[in-house]
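Engineer: Sequence order for the protein chains is A and B.
Counted the way my numbering counts, the first sequence spans residues 25 to 465.
Counted the way my numbering counts, the second sequence spans residues 835 to 1096.
By construction, these hints were calculated from the structure, which means they are not laboratory data.
There could be a bad hint or two in this list.
To be verified - Among the chain A residues that face chain B by a calculated CB cut under 7 Å, a handful are:
1) LYS304
2) ILE347
3) ARG390
Fair warning: this is a prediction, and the values are worked out from it, not measured in the lab.
Glycine is no exception: its CB is placed at the ideal position from the N, C-alpha and C atoms.
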Amino acid sequence: MTMRAWSVSLVVICASAGATIARAQDTTTAPGVRLGLSYAAGTKPGVIVLPVQDDYGDDSLRIIVQRDLDYSDRMTVIALDAGTVGSLEPPPGEKINFPLVAKFGAALLIRMTPTTQGLHVAAYDVARGQLLQSEHFLFDRRDRDWRFALHGVSDLIEQWVFGKRGIAQTRIAYVNNGELKIVDSDGAETRAITTGRGALSPAWSPNGGSVVFTVLGNAGTQVQELDVRTGRTRRVSQIRAGLNITPIYQPGGNAILYAQGTGNGTDLVLAALDSGPPKKITIGRGTDNNSPSYSPDGRQIAFISGRSGSPQLYIMDADGSNIQLLTPYQAGVRSYRAGPDWSPDGRAIAYEQQMGNFQVFMIDVRDRVPKQLTSEGENEDPSWAPDGRHIVFTSSRSGEKQLWILDTETGRARQLTHSRGARLAAWSPVLANPEVGTYSQ
Amino acid sequence: MTKKSSFLFCALPLALAGCFFATKSDFDNLQMQVIGARAGSNAADSVQRAYLVDMSRTVRSLSDSINALSKRVGALRTANEADLAAMKEDISQLQDLSGQSERQLRDMRAAVEEKTSQPSQADVAPRDSTGSSAPVGGPGPGQLLQAGRDQLLKGGNVAARAAFSELIAKYPKSDLVPEAMFGTAQAYAAERNTDAADAEYAKLIARYPSSPRVPTAMYKRALQLQASKKTADAKRLFQEIIKRFPRSDEAALADERLQSIK
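Next comes chain B alone, as it looks inside the complex:
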């Protein structure tokens, strides 16, 4: 037997004797304390529960607000997209219509020129020093442009070029000169004289960089370069169209051609 075991053997009877001498009031006190502690814990739980319920309500209401906000943002986005699409359509229509109106105005101008040039062609002095109105006895720029266009439609390319060239020579400051240059290029292209057409387009681009005909002229030049296997030059010109005229039809076409080059 060791020293440790003999110590346990003496202490155990003493401890059992202590339990035997505890009174009933001690037990009651202890019971009361336990009940008190339990009640305190319950009260704390209910406060915490109430707090949690409150929190949960707040979170739910926050979530509802976020959902509502998200729906509103979504609706706003859809409305914006629809508005943007409608705006895009309107812009396209405006572009189309402005082209159409421009043409109608040119036609009207040609008609007016025709009417005004009819009476007494002998003794009327030129009215406009800018060279944009009809000189004595001759057709005005609008008439010449119309005559050239009519010839183009009929396939009279030489006659068309003659009319356009007369317009450019007689009315060098007329706002119809870029149109005449474009028409000249088209007449050359119809004759399959691609070099002359290309030169005319180049001239138009250089002299009238803000003319609405420029993106078309540039695109036609780029196609010609591509056909002549000058791919790098064609690529550069396609890129320039996209950069300078991003909203034009020719820019979209140029983008497509660039993709096919890659």
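Next up, chain A with everything else stripped away, as it sits in the complex:
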């Protein structure tokens, strides 16, 4: 029974509550119902990506898609030498030799064929020896963002297989020597989006169209908003210059929640972008309350507060009431906690905790049991990927501070940036329009 392949990921994508599971096994013909790939339960399915005609060496379509699927941590990319993988491509008019493909341990076979208008992508279920899904993508390699568009193809392949879109078509904003930069989720295409110094705490808008951040100047810190598509920046006029830190967007995108320092501590303040004066969400009575992070439904806020002594992780309702301590008390230990980020699926909150040096933890919102995610070097500033599985964070494990990505399920980590001093990363939502410009501050 254990060796027997069985079908997993039965995904009902029809929104109708009355929809019934289709009888047909063919995923491409049953509207509203899709059966996923056949592979052994509890394993990562193996995938082989066939070579693409007229591809470009190291930056080939095949390599990019393979890398995306590998970085998803949901599949095992089977590396074959050029001769072997070439032999899997059937001659024109002949069928794919699925038993041979299966012998290499693949459950999924990807075939990409350039066409006059773009790229035809087909995914095959090797165990069943049939087409899982195929689609034609408008794609032009001369486009500035062709790599990013290709990441979208990888994400869709993941959706065909697991019923959940991947995270390749996302970007990560971060601070590097006071400059705000953006990098693709695979570590390519790094670009500076501010030219001035003093940028801190970037956070993406819910639709990925803009980034809010603070700029440290002579008059204190000012909250600014950058339109990622046009590259234009504006000062958020509703927020006066002062000690304004850790801004984030409200899930609706029409207000900014930030921490405002005064002579009497720091409090969270909500500033609507259209009208009305900013209003306080916490009244710390002289203590510091900062680093807010909304739950995905916008009903709750995680934040750091020193109200009971050392900074701890709290949650509260979005109106500031119903405050609860989230991180458990340890007798005799007053460990410092900071930088919370609520996962996009709402299940957990990632944060950093001082244990001599800083390490990244996550805590389940339901059970309230913390789990240590890192231990090598110093690790801080976690930010969740839209899949609620991967985390980007700053780590000194390579000897200097760099951004790393961790799969919280397998513990696999990979280095994202290679320029010294990268920190304060913020992972974007899945981006629909990937245009990125530059601007002068």
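For this one, chain A is given, so just place chain B on it according to the hints.
Structural biologist: Positioned in the frame of chain A, the structure of chain B alone reads:
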């Protein structure tokens, strides 16, 4: 010449003749008297000086004592302030931890209920007539509360309300009923059914006035009133929160909102 001038003219030679006839011993006597008077005055001065020096010493010592006392009072005040701040922190921590422990206890209770309800559900009679323990075959109040909360977290608001409502109906005397009512209100609020949420909060405040959920429920009601432009009612409720629960977070928030209303 007048009469007055002729009198002066006769008297002056007589006075000059008197001075001429005073003896040397008279001068010596006078000198001795002057010296004696001067010595007496000096002695009085030195007594007075000694007295003043003594006074000055006393004043200085008094001043030093006052300074020392003032320093001690200052130190005591600082220590008291530090103690008060530490006490305040401890109280906050205790409040936070008591909330956390309460939650942990509820979780444990749900787990225990789950375990005890598993074996032979057929022939066991209800153990508690107060209605706070699990009846035959059904989940206990802790389990129902946990189930409702889990649904709330997942966004299953209707299912959450069903679980809370079952708890309230089956275990009307359970100490978890206020929690279930609060959860019901939250589920309604998540569905943007503000009227139903408000009614549930009102019910909770009226039936369980000493529940720790009351300040939050009152604050949410006041915000709802403010949003509905019933400013006077909102103001009254904010003031009531401050009066009834002055140490609560909601009291501080209410104070802030009152200032914005003014």
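Engineer: All hints, please: hold or fail.
Structural biologist: Here's how the hints hold up against the structure:
1. With a least beta-carbon distance of about 5 Å to chain B, the hint placing A:LYS304 at the interface is held under the 7 Å criterion.
2. Among the interface hints, the one on A:ILE347 holds; its C-beta lies about 5 Å from the nearest C-beta in chain B, closer than the 7 Å criterion.
3. Look at A:ARG390: its Cβ gets to within about 6 Å of chain B, closer than 7 Å, so that hint holds up.
When held up to the earlier numbered hints, the structure conflicts with none and fits them all.
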